[in-house]
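Listed below, chain by chain, are the residues.
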Amino acid sequence: MNASSPIASSPIWPESPAVQVAQPSGLVRSQHPSPGATVAEHSPVTPRPIRARTPKRGQPDREPGLKRANFGREAGLPTLLLLPQLLILVCFFFIPSLRALMQSVLLSDPFGSNVQFVWFDNFKALFASGEYRQSIVTTIWFTVTQNVITLAVAVVLAFASDRVVRGRSVYRTLILLPYAIAPAIAGILWAFLFNPVVGPLAHMLHALGISWDPNRNPNDALWLVIMAASWKHICYDYIFLAVGLLAVPASLMEAAAVDGAGPIRRFFLIALPMLGPTVFFLAVMNFIYGFFETFAIIDAVTHGGPAGATNILVYKVYVDGFINLDLGSSAAQSVLLMTFALICTLLQFRYFDHKVNYGV
Amino acid sequence: MKKTAFMAVLLGVLALAAPAQAARVEVQWWHAMSGVLGDRLNELVEKFNASQDKYTVVAVAKGNYDEVTNGVIAAYRAKRPPEMVQIAERGYLTMLLSGAIVPVQDLLDQKGYKIDWPDFIKPVASFWSYKGRMSAMPFNSSTPIFWYNKEHFRKAGFDKPADTWQELEAQLYAIKAKGVSECGTVLPGDFYWSLLENYSAINNQPYGTLANGFGGLGTEFVYNKTKVVSQVARLKKWLDDGVLQIAGQGLSPEQLFTSGRCSTFVNSTASHGNIERNAKIEWSATFLPHENDINPPLNSTIGGGAIWVMKGHTPERYDAVAAFLDFVAQPETQVWWHGVTGYVPATSKAYALARERGYYKEHPTREIAVLQLSRGTPNDNSRGFRFGNFVQTMLAQRSEVEAVFTGQKQPQQAMDDAVKRGNEILRQFEKLNAGKDAEAGREPK
Numbered sequence: 504m505n506a507s508s509p510i511a512s513s514p515i516w517p518e519s520p521a522v523q524v525a526q527p528s529g530l531v532r533s534q535h536p537s538p539g540a541t542v543a544e545h546s547p548v549t550p551r552p553i554r555a556r557t558p559k560r561g562q563p564d565r566e567p568g569l570k571r572a573n574f575g576r577e578a579g580l581p582t583l584l585l586l587p588q589l590l591i592l593v594c595f596f597f598i599p600s601l602r603a604l605m606q607s608v609l610l611s612d613p614f615g616s617n618v619q620f621v622w623f624d625n626f627k628a629l630f631a632s633g634e635y636r637q638s639i640v641t642t643i644w645f646t647v648t649q650n651v652i653t654l655a656v657a658v659v660l661a662f663a664s665d666r667v668v669r670g671r672s673v674y675r676t677l678i679l680l681p682y683a684i685a686p687a688i689a690g691i692l693w694a695f696l697f698n699p700v701v702g703p704l705a706h707m708l709h710a711l712g713i714s715w716d717p718n719r720n721p722n723d724a725l726w727l728v729i730m731a732a733s734w735k736h737i738c739y740d741y742i743f744l745a746v747g748l749l750a751v752p753a754s755l756m757e758a759a760a761v762d763g764a765g766p767i768r769r770f771f772l773i774a775l776p777m778l779g780p781t782v783f784f785l786a787v788m789n790f791i792y793g794f795f796e797t798f799a800i801i802d803a804v805t806h807g808g809p810a811g812a813t814n815i816l817v818y819k820v821y822v823d824g825f826i827n828l829d830l831g832s833s834a835a836q837s838v839l840l841m842t843f844a845l846i847c848t849l850l851q852f853r854y855f856d857h858k859v860n861y862g863v
Numbered sequence: 045m046k047k048t049a050f051m052a053v054l055l056g057v058l059a060l061a062a063p064a065q066a067a068r069v070e071v072q073w074w075h076a077m078s079g080v081l082g083d084r085l086n087e088l089v090e091k092f093n094a095s096q097d098k099y100t101v102v103a104v105a106k107g108n109y110d111e112v113t114n115g116v117i118a119a120y121r122a123k124r125p126p127e128m129v130q131i132a133e134r135g136y137l138t139m140l141l142s143g144a145i146v147p148v149q150d151l152l153d154q155k156g157y158k159i160d161w162p163d164f165i166k167p168v169a170s171f172w173s174y175k176g177r178m179s180a181m182p183f184n185s186s187t188p189i190f191w192y193n194k195e196h197f198r199k200a201g202f203d204k205p206a207d208t209w210q211e212l213e214a215q216l217y218a219i220k221a222k223g224v225s226e227c228g229t230v231l232p233g234d235f236y237w238s239l240l241e242n243y244s245a246i247n248n249q250p251y252g253t254l255a256n257g258f259g260g261l262g263t264e265f266v267y268n269k270t271k272v273v274s275q276v277a278r279l280k281k282w283l284d285d286g287v288l289q290i291a292g293q294g295l296s297p298e299q300l301f302t303s304g305r306c307s308t309f310v311n312s313t314a315s316h317g318n319i320e321r322n323a324k325i326e327w328s329a330t331f332l333p334h335e336n337d338i339n340p341p342l343n344s345t346i347g348g349g350a351i352w353v354m355k356g357h358t359p360e361r362y363d364a365v366a367a368f369l370d371f372v373a374q375p376e377t378q379v380w381w382h383g384v385t386g387y388v389p390a391t392s393k394a395y396a397l398a399r400e401r402g403y404y405k406e407h408p409t410r411e412i413a414v415l416q417l418s419r420g421t422p423n424d425n426s427r428g429f430r431f432g433n434f435v436q437t438m439l440a441q442r443s444e445v446e447a448v449f450t451g452q453k454q455p456q457q458a459m460d461d462a463v464k465r466g467n468e469i470l471r472q473f474e475k476l477n478a479g480k481d482a483e484a485g486r487e488p489k
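So the sequences go chain by chain: A and B. So the first sequence is numbered by the numbering used here: it starts at 504 and just counts up by one. So the second sequence is numbered by the numbering used here: it starts at 45 and just counts up by one.
Bound-form chain A, shown alone (with noise of 0.2 Å):
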């Protein structure tokens, strides 16, 4: 998380593209409407900000305002005050991913007694290993079936719990625990509660006529995965999305609610456009969540069995660095996985970022 999130954004939300430019906001960039922000001031002169389709990507001024930096000429305490998230960047990131590096061409013994140059073979021996592409496809699976699952959750959650007039606040709360819960012991708490021996929902499941047993079935562990890694991430969804309806003009609502509008069209027709930038916003953090931070899920819920089922590629980096001790293939694996979620990242900004829009 950093600086752009919408309670950290700029309680003006400009309103044509002029403001925009105009306005200083390089340490802004935020992609989500403003909580604070209502459209009901929107002129119905001032035309709206059309999103024109830019020709080139790269080119500076493809995006007016918020997500462009411009510092002009004093640009002295700007980049002081950067300086120490950029020295946190250059020694917990770019040194690191430098040192990840080096030690993907490397052959080396744990202590690093013995080290040997060996060009690119510890990423020719992952592309020939049967257990790394099986591993590259569980990842997609994992991730992209963590983030429906969780984005989907989370949105009928915060429009649920938006609609709901008493005791909104302790829904909100409750919603929010699990959020505190260390992931290793929410993953503990899943594998018991769905052990196929012992485990309460797993005798439910029985008694329905489901032979759950993630011991032995590769998609129930799969699934048992996706389940965990889902429940704990889906407050963090919810959180911004119960923010981001706030700022959905109750005007808007109610003019629609008059035109005979139901809940559900209301939500689908009017909540969620303009929650198109959180959403989006939230998709990539749980892609990178799901690419990321779930080896602990993993650790705690199934080891990455059974025979390798659950065995995502972060997983499989903090296996091989951390127990394996082949540091030289974990390091090749991390570059590739780091090269993996950048793609990934640029893929869904050049092709969905153009469904959202930010003109709201």
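Keep in mind the hints are simulated off the structure, nothing from the lab. As the structure is a prediction and not an experimental result, all values here were calculated from the model. Warning: the hint list may mix true and false statements.
[As the list claims (entries may be wrong)] DSS-like cross-link-like pairs, simulated, lysine-lysine; straight-line CA separation at most 27 Å:
1. 453(B) with 464(B)
2. 464(B) with 269(B)
3. 627(A) with 475(B)
4. 194(B) with 393(B)
5. 280(B) with 220(B)
6. 627(A) with 464(B)
Using the hints, position chain B against chain A.
Structure of chain B alone, referenced to chain A:
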């Protein structure tokens, strides 16, 4: 002048404290023991610290074996390793060839301690020594034994579990058929150790070439051509018939046994402490079963850990380390440790002492491990397992066995694949350590 007064007091305190501090040399020992075992380990260290006034050993729990290994690697690379570290048996070759250790026998010889090395019991001594010299101090050695629920066996009409897998199978099926328990046995979390590796040793099956790796780094796995395949098939059959259960995550196999749900289970002798504390059942233990056409069965092999000494410290600190290791090797210490934890006594003297005191009359199951380890004449198949990157090859094997359990592969196919994957990992280790074998770990400080 408050400040000067304060400084004077401070200096006074330091002056008083300094000689006392300087007198005791402090050394660190990183270990992987938690729970009951961790408490016992701390008691051991306290005993040593109280026994003399020159040295202080500080025991630091660093998590499980993997975490300790990672911790010590990071510390070594940062040039701040602890003086001593407890490493599991699977890490033997990695540690030996790391160039980061001082072999304990060299250290103790150099410091003038007279340890009766030939007195260490065979499987323990042969595992932890290289070319006849001990590389690490045996500390917590264990071996798997067969635990059973006496009441279940009585109800099903049996005195005790049978000696052979074939008869045992009949018993477990009978226990299930008679409704005595719904789970004849539970798959151990480390089944690769007890049900595949030790199975091979006891039944005189080769696991790898070159005496299971004792003969050099060019070793290859061969267990896809032995009875291990039918053993995996047996487990799969039991699983399908509901005689064998997998505990899975969130629950330990031990819990299923001690709660009386499962009638038997194979686990390390080191779980004595826990089982005595937690079991609500009438339990006992016996030798691991063997195949009916193997006679006599051979010895089982050891697991557990040993204390390694790291390079790069001052002579004074090595004095402290040597004193502590000497203390650990004493029969009195060994007998005490054996009694409170269930680990095997490392020396014949300690074993004789425990016997003499009538310890095994009161605790018969504690002798099983020693008897099982010293059974028969150890040969190349039963001396132990010494493979490079052993954890990695084991995880590949576990994954392939799981593929049998999930029904994705036939046992033969899975073991062929496990051997193939394992051999690739062995070749990588060989490539990395080429030419190192001969002089490995032989750089006395």
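Evaluation of the provided hints:
no. : hint               : result
1   : 453(B) with 464(B) : holds, 15 Å
2   : 464(B) with 269(B) : holds, 12 Å
3   : 627(A) with 475(B) : holds, 17 Å
4   : 194(B) with 393(B) : violated, 32 Å
5   : 280(B) with 220(B) : holds, 16 Å
6   : 627(A) with 464(B) : holds, 17 Å
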